[in-house]
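K.L.:
First residue of the sequence shown? That's 2 in our numbering, and the numbers climb one at a time after it.
Treat the hints with care, as some may be off.
[To be verified] Restricting the straight-line Cα-Cα distance to at most 25 angstroms, the calculated cross-link-like pairs of lysine to aspartate or glutamate (DMTMM-like) are:
#1 Lys-88 x Asp-46
#2 Lys-26 x Glu-117
#3 Lys-26 x Asp-56
#4 Lys-26 x Glu-112
#5 Lys-26 x Asp-46
#6 Lys-88 x Glu-117
#7 Lys-26 x Asp-63
#8 Lys-88 x Asp-63
#9 Lys-88 x Asp-43
#10 Lys-26 x Asp-72
#11 Lys-88 x Asp-119
#12 Lys-88 x Asp-60
#13 Lys-26 x Glu-57
#14 Lys-88 x Glu-57
#15 Lys-88 x Glu-112
#16 Lys-88 x Asp-107
#17 Lys-88 x Asp-72
#18 Lys-26 x Glu-8
Just so you know, these hints were derived from the structure itself, not from any lab.
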Amino acid sequence: EVDGAGEARNYHDSSSGLSGGQAQKLVFFCLAAALRYQLAPDGADLPRYGTVILDEAFDRADSAYTRRALDVFAQFGFHMVLATPLKLLGTLEEYIGGAVTVSIRDRMHTELSLIEFDDVGAT
């Protein structure tokens with residue numbers, strides 16, 4: 002881990018000894034770093050293709066975990082497309098410009114509704 006000045010503060014070779022939140026952040030950091038390594042050309046700041054799609058994203062996570070994960074993906078320059086429960090909209094609002102809800106009735110009728118958020122990124 003590095004601080005705001007770019008100085009190394011912590012080194013990790015496993016998640017042992019970390020709190021639950023620190024371990025979660027490490028897992029998402031490793032995932033985002035691996036994706037960026039595979040998708041970014043040598044010397045590039047951003048991946049060639051920066052969209053990550055997660056189905057049932059964070060459906061069992063609390064808002065703090067969700068924020069940590071989204072912060073990590075944002076730091077690596079990824080654009081997130083999430084299929085996630087409505088309970089997380091309040092948490093996701095600061096990261097996204099809008100959402101589409103999908104309602105399926107009796108396996109025969111599907112309805113889409115657009116939700117737009119104001120002031121994306123203003124925290």
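K.L.:
All hints, please: hold or fail.
P.N.:
Do the hints match the structure? See the list:
no.: 1; hint: Lys-88 x Asp-46; result: 34 angstroms, violated
no.: 2; hint: Lys-26 x Glu-117; result: 28 angstroms, violated
no.: 3; hint: Lys-26 x Asp-56; result: 19 angstroms, holds
no.: 4; hint: Lys-26 x Glu-112; result: 35 angstroms, violated
no.: 5; hint: Lys-26 x Asp-46; result: 21 angstroms, holds
no.: 6; hint: Lys-88 x Glu-117; result: 16 angstroms, holds
no.: 7; hint: Lys-26 x Asp-63; result: 13 angstroms, holds
no.: 8; hint: Lys-88 x Asp-63; result: 10 angstroms, holds
no.: 9; hint: Lys-88 x Asp-43; result: 39 angstroms, violated
no.: 10; hint: Lys-26 x Asp-72; result: 9 angstroms, holds
no.: 11; hint: Lys-88 x Asp-119; result: 19 angstroms, holds
no.: 12; hint: Lys-88 x Asp-60; result: 9 angstroms, holds
no.: 13; hint: Lys-26 x Glu-57; result: 18 angstroms, holds
no.: 14; hint: Lys-88 x Glu-57; result: 12 angstroms, holds
no.: 15; hint: Lys-88 x Glu-112; result: 19 angstroms, holds
no.: 16; hint: Lys-88 x Asp-107; result: 23 angstroms, holds
no.: 17; hint: Lys-88 x Asp-72; result: 19 angstroms, holds
no.: 18; hint: Lys-26 x Glu-8; result: 19 angstroms, holds
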